[in-house]
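Novice: Chains as they are written, first to last, in my numbering: chain L, 1 to 532; chain C, 1 to 836.
No lab work stands behind these hints: they were computed from the structure.
Note that CB positions come from ideal geometry on N, CA and C, so glycine has one too.
Just to be clear, a hint being listed does not mean it is correct.
Taking lysine to aspartate or glutamate and the DMTMM-like style, the derived pairs with C-alpha atoms no more than 25 Å apart in a straight line are [said to hold, decoys possible]: (1) L:Lys-372 <-> C:Asp-375; (2) L:Lys-372 <-> C:Asp-286; (3) L:Lys-360 <-> C:Glu-418; (4) L:Lys-319 <-> L:Asp-352; (5) L:Lys-273 <-> L:Glu-302.
If you want the ones that stay clear, here's a sample from chain L, every Cβ over 12 Å from chain C, calculated [to be verified]: (6) Pro-6; (7) Tyr-29; (8) Ala-50; (9) Leu-94; (10) Ala-291; (11) Ser-336; (12) Phe-346; (13) Leu-387.
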Amino acid sequence: MASFKPTKIPVYPKLGEKVTQDTLYWKNYKAPVQIKEYGAVSNIDFSPVAPHNFAVTAFSRIHVYGPFSQEPVKTFTRFKDTAYCGRFRSDGQLLVAGCEDSVVRLFDVSGRVALRMFKGHTKAVHVTDFTSDRYQILTGSDDYTCRLWDIPNAAELSTYREHTDYIRCGVTSKLNRDLFITGSYDHTLKVFDARAEKSVMTMDHGQPVESLLLYPSEGLLVSAGGRYVKVWDLLKGGQPLVLLKNHHKTITCLALGSNGERLLSASLDRHVKVYNTTTYKVVHNFDYAAAILSLALAPDDESIVVGMTNSILSIKHRKHTEESKEMMSQQRRRPSYRVFVKGKNFVPKPDDYLVSKPVKEHLAKYDRELKKFNVSKALDASLEIWLRKKKPEITVGVIKELDRRGTLKNALAGRDEEQLSQLLHFVIGNIVDTRFAPIILTAAEMILDIYKSVIGQSALIDQQLLRLQNILESEINLEQELLEVLGMLDTMFATSVTRKEVPYSDVGRSNGLAQGEASSSRPELFRPPEIK
Amino acid sequence: MVEQAEIRVVHQGGSNITFREPAISSDSRFLLCASGHNVKVFSTVTEECVQELRGHADLVTGVLLRPSNHLQAYSCSADGTVRLWDFTDGILIKTYVIGYPICSIYASASHDGVIFIATPTKGYKTLDSLQLLAVHLPQTAGQLVETSDLSAVLSDVSANPATVAFGRAGEYVASTNGVQLQIFFFKKQKSFRFSLKENSCSGRSNTFTCVACHPTDDCIATGHEDGKIRLWRNFDQKREYTYRTLHWHHSTVRALCFTPEGSNLLSGGVESVLVQWRYQQESQQDFLPRLGAAITHIAVSPDGALFCTSHSDNKIVLIQSCVKVSSIIQGLVKGEAVQTDLMVDPRSKALVLNGKPGHLQFYSLQRDRLLFNLDVVQQEFIHQEGLDQFQVVMATLDGAGAWLATVEERKQETAEAELNLKLWAFDEPSQSFVLNTTVSTPHEVRITAVTFDPAARGQTSLLVSCGRDGLFKAWRLAVPAHPDDGGPSWTCDFVSAYHGLTPQRCCFSADGSLLAVGFQEVVTVWSPASWELLLTLSQPPGIIRDLCFGRLSCSKFLLGTTSSNQLCCWNLLTCSLEWSTSMEVSLLLADPLSDNMAAFCHQDGNTDLFVFKPSEPRPLFSQKAVCSGRVSRAVFAPREVALESCEESSQWLNRSQLYFLTPLMDLLTFSTRAEEERLMTASKQLVVDDSVAMTPFQLLLGKRRPHHQAAVEDPAVRPPADRPVPPGGSAAVRELLQSPAHVLPAAAALCSVFMEALLGVATETRSEPELITMENETSAGETPSDDQEMETRATRPERGLLETDSADPVLSRAQVRELRRVRKLDHSWFSSLLDS
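Kindly produce the complete structure, drawing on both the sequences and the hints.
Specialist: Right, here's the structure in full:
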């Protein structure tokens, strides 16, 4: 007759984002190395030459770390006050940094003392950079000026006083030695040509500009300020191309990854978002513990370095294929291919009499027990540690099936301390999961009913019950808050929906037609979970 | 009335075949079971219904093989007659008129000419007090026999026929009622009574439910409500009786049966497991689990090789020696109630409704046969009483039959109901529905209606569901954003509510441009294209119960029925009420192929049918008292071939046929006279050749039949009846061929008539050569090309001659003379016999 139908394990919608190629790529990093700095990490810069050391500017120091070192390989401490914007020259030999005391210092990477001191600014210098010919330095300061300096004789070449607020970011062109761009708190971006007296292009960002980035082709400019990232087309005279609104706090830093195919933005909202530079859609998101001030990527995305306001420097190194291969080889060897095809490719001869073997139906362990109506054993089988950890939906499915059979109480009863603790552990872990909550709540009620007489006999169980209580209380609070938010949203939506009159034909009959009032079409707030 | 003569309500099948215990013929080839007013004879091999024994005027309450003649069977009915049938040929042999409604029938081998029947005790009309009577069947020649020789055997017999059994060679009869076992010994004329306590120590009822007697040993097995089986011995003693208790069943034992040798005891119950106990070694049991539904009867063939179990889902399972299910005879599955609407699958033209628990059944109306069951719930069914099970409460098919939506529901006292909305796509290669999307909890409370957009095709399908939570939702087939997420699936497209009222009904117009949703007293009309509320209509007071758009020329009308017994028709162009009338409409239905509507009205316990056009004031057809009780499920099934009836009253049946389910779950339909006549002629041609045994002789004859048909002389070896017989004098021959040998006169007397008839055939065929081609189908099939066809035509008359000649040499001149003589004196009495 009909065979046993195995327990139906519902397929729940996957929570969180979908697994894409990008997710896999950006998740392929090791656990971060965290280094405590002396103050908030304001800038990180990678050396353009191998081995790609990076300079970390934090408080009054600049530390230079090697690619895999946990300790700084070099430290520059000769600052009177907070240092800003330590940047390498394109040959990796020199490093320039601004300072709160308005003096710009130039260091030899191998030396200790400043090679040159550029004095002339009257306020803190937040922006320093080398021009592409390697002999000049661009600086931007809180005294609203940006200046060009000659390195060999430490002389000021030119001063531009066009900005009307602090200059907090700037970038020099890698292709043209005369071209540089600055962003200021006066909401503007200005493109300067050293050969001209004045700025050649001005763009309005709308917010105080925090960070600037030029694409390697230098046709596109990215600016970050406030909560928005804007992409400008320089070749079309500074026409805005894209506006990205993905952060909910000020964006502090921008970086390019994967040879310019991905754009990263870091923000005070503790997120780093990765955008695809062709579609400008967010493809990945990193979470950090504190507000992020600075971000940098090693060439070929070998490592992601993030500096935060709580003076922690977080370094993530990329996992390499050799290591993952090593992991693979540790996995259990499967039976060889030959075992599977054994006898499968046998072709019977024409006069052979074929005796077909009945296909053996394979049932999971819990199903075998359910088939025999061993309800407690079925529940035990579904509570095996790997099953309840890896696939809680199976455990929940079995509990649901037992409930449907009306035997859940029998299955839950009669357990010793260890089994009950296992059960409670599962309940505690999954009771707030919206997918499982209805059935686990029923089970939890039954557990409390059954075992309320033994409360107080075991310290372990009592502790778990207390935890359960705490979890439930916090969940209730959370739900309440969410309902409040929902109520607020509803009022907002209700005011935004335009009131519309129902067409009303003026028929002089009293019956037949009720005058339609305003349609109360509710916006689509509650979509039930879609399951496939 | 003219209409009633023209259009009749006919029973379309789907009647219960598991009402009473079936009987297996002694050669295990036929199965007899009571089905409504008829007895159906099924072949145990092919599962086809080979005969239907018609004649009873009321419910047949028992079928029994005649112990003295294994080719005959008794059937008893509530109309107060017992009929004796030859079931292989479907002939009524005798009718015994008892005069009281009969509840069940029994016989034993040792009581020749006596049958036992249970009838209500005199003075009581109801079935709560029955008595067992012995009826001596008089040996008179006539067909209609009055019986007067009735003697009471036992009183206080339970209405359940399983509670009476005859023991060892008919020496005693055991009967149970309540907690009492009563045994009557025929020889000693003594009866013993044993009673049990009302409840066992565990608090469950000890009531007897069934009884079986061992065929060779003095042992009675009784089944009880608490699942116990007791084996009673020494029951001819007042005090020293013993019993042994067997307990495997966890709920009521419904059926018990000993195998003919008495080596095994079979039992079955709600668990739907057939348990085979070894007699004397009761600790050994064999099980046949998962038979599908609760076992209600068990029968064993006289040779013990075949078991058959009747199930509560109108199914008979045939089992070979308790190991293998050999075949399943399935009627229209009847659950407790049909919760889904009746639907017609546009592809298979099958009726779709609730079947087994958690299943949808596809029932072919043409063949009166279950096509398949679609497992909707896909969970192991636990056979246990009082358990909340998932039930399919709603189902709907889209216009092309490509999508099926089902709603399943499980009610729980403690928590809220569990709801699932499932969408099934028709899969061409496997020709069945495949699950596409499952939406758990589509609405927070129960769903009141689901409907597909009838006009949309394929990818643009739209489904609307209404729930008690005051929302109605539109679901649309959506292609996933990522191609690696699999195929398209259904997602919620739109959610809306109207002033917090509960939507009860929704209905799409035929072209899918309007959606009407009935929110309690208010009908709202929406545009599915933009989801705008177009207008609201209301006709207070009364909650909208049914909504229906007119079709074709009447598509501007929207019809609705309300709980205050109003049938309203709104004109959507003027947004006004066109007309309304006061009648209690229980079901309103639109014919998809014409502009007719059908309304079933409940009045004075009966249901009346009105068929009308919304645009015309007069109904096209009306019939009072179609059936008793309230009709709540009906469907218009499109006909494959449209009828061309011109009478005004039956025109509405031209394009589609109206089927409806009575409260007793009988499927009825309306048929016109022309249609019936056509069916009658068709059914005469269609007699299944299953009555001839497969013997080597038959094989030999069967192959050479076309050449030897004229040479057949012995009436015992009759030519098959399905061969088309030429018209003219053929009716008599066919009657002759179909009657069994023992009711006919001697072969010597018959031979001449038979030969005469055949000779007549031969002369006719000679004049009409085309008929011969029909007869010699094999030779016509061998001539595909035209020139060969010409050739055969040239030779054909000769062949006709040959055939008749081949019969002639058998008869000598003297014999022919003899034949003529017999013919002269024969005809009159024989034809009168045939006519009677």
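Novice: Check the non-interface label on Leu-94 (chain L): least C-beta distance to chain C beyond 12 Å or not.
Specialist: For Leu-94 (chain L), whose nearest Cβ neighbour in chain C is about 48 Å away, the distance exceeds 12 Å, so it holds.
Novice: Going straight from one Cα to the other, do Lys-372 (chain L) and Asp-375 (chain C) come out at no more than 25 Å?
Specialist: 22 Å, holds
Novice: Once the closest CB in chain C is found, is it more than 12 Å from Ala-291 (chain L)?
Specialist: 33 Å, holds
Novice: With 12 Å as the threshold, tell me whether Pro-6 (chain L) passes as away from chain C on beta-carbon distances.
Specialist: 8 Å, violated
Novice: Confirm or reject the statement that Tyr-29 (chain L) sits farther than 12 Å, beta carbon to beta carbon, from all of chain C.
Specialist: 24 Å, holds
Novice: For the pair supplied as a hint, Lys-372 (chain L) and Asp-286 (chain C), confirm whether the alpha-carbon distance does not exceed 25 Å.
Specialist: Given pair Lys-372 (chain L), Asp-286 (chain C) holds - Cα atoms ~15 Å apart, limit 25 Å.
Novice: With 12 Å as the threshold, tell me whether Ser-336 (chain L) passes as away from chain C on beta-carbon distances.
Specialist: 30 Å, holds
Novice: Taken at face value, is the distance from the CA of Glu-302 (chain L) to the CA of Lys-273 (chain L) at most 25 Å?
Specialist: 17 Å, holds
Novice: Does the claim that Phe-346 (chain L) lies outside the interface with chain C hold up, using a Cβ gap greater than 12 Å?
Specialist: 27 Å, holds
Novice: At 12 Å, judged by beta carbons, does Ala-50 (chain L) keep clear of chain C as stated?
Specialist: 38 Å, holds
Novice: Has the given pair, Lys-319 (chain L) with Asp-352 (chain L), been kept, meaning a C-alpha gap of at most 25 Å?
Specialist: 57 Å, violated
Novice: Given the proposed pairing of Lys-360 (chain L) with Glu-418 (chain C), does the C-alpha separation stay at or below 25 Å?
Specialist: 33 Å, violated
Checked against the numbered hints given earlier, the structure breaks hints 3, 4, 6 and satisfies all the rest.
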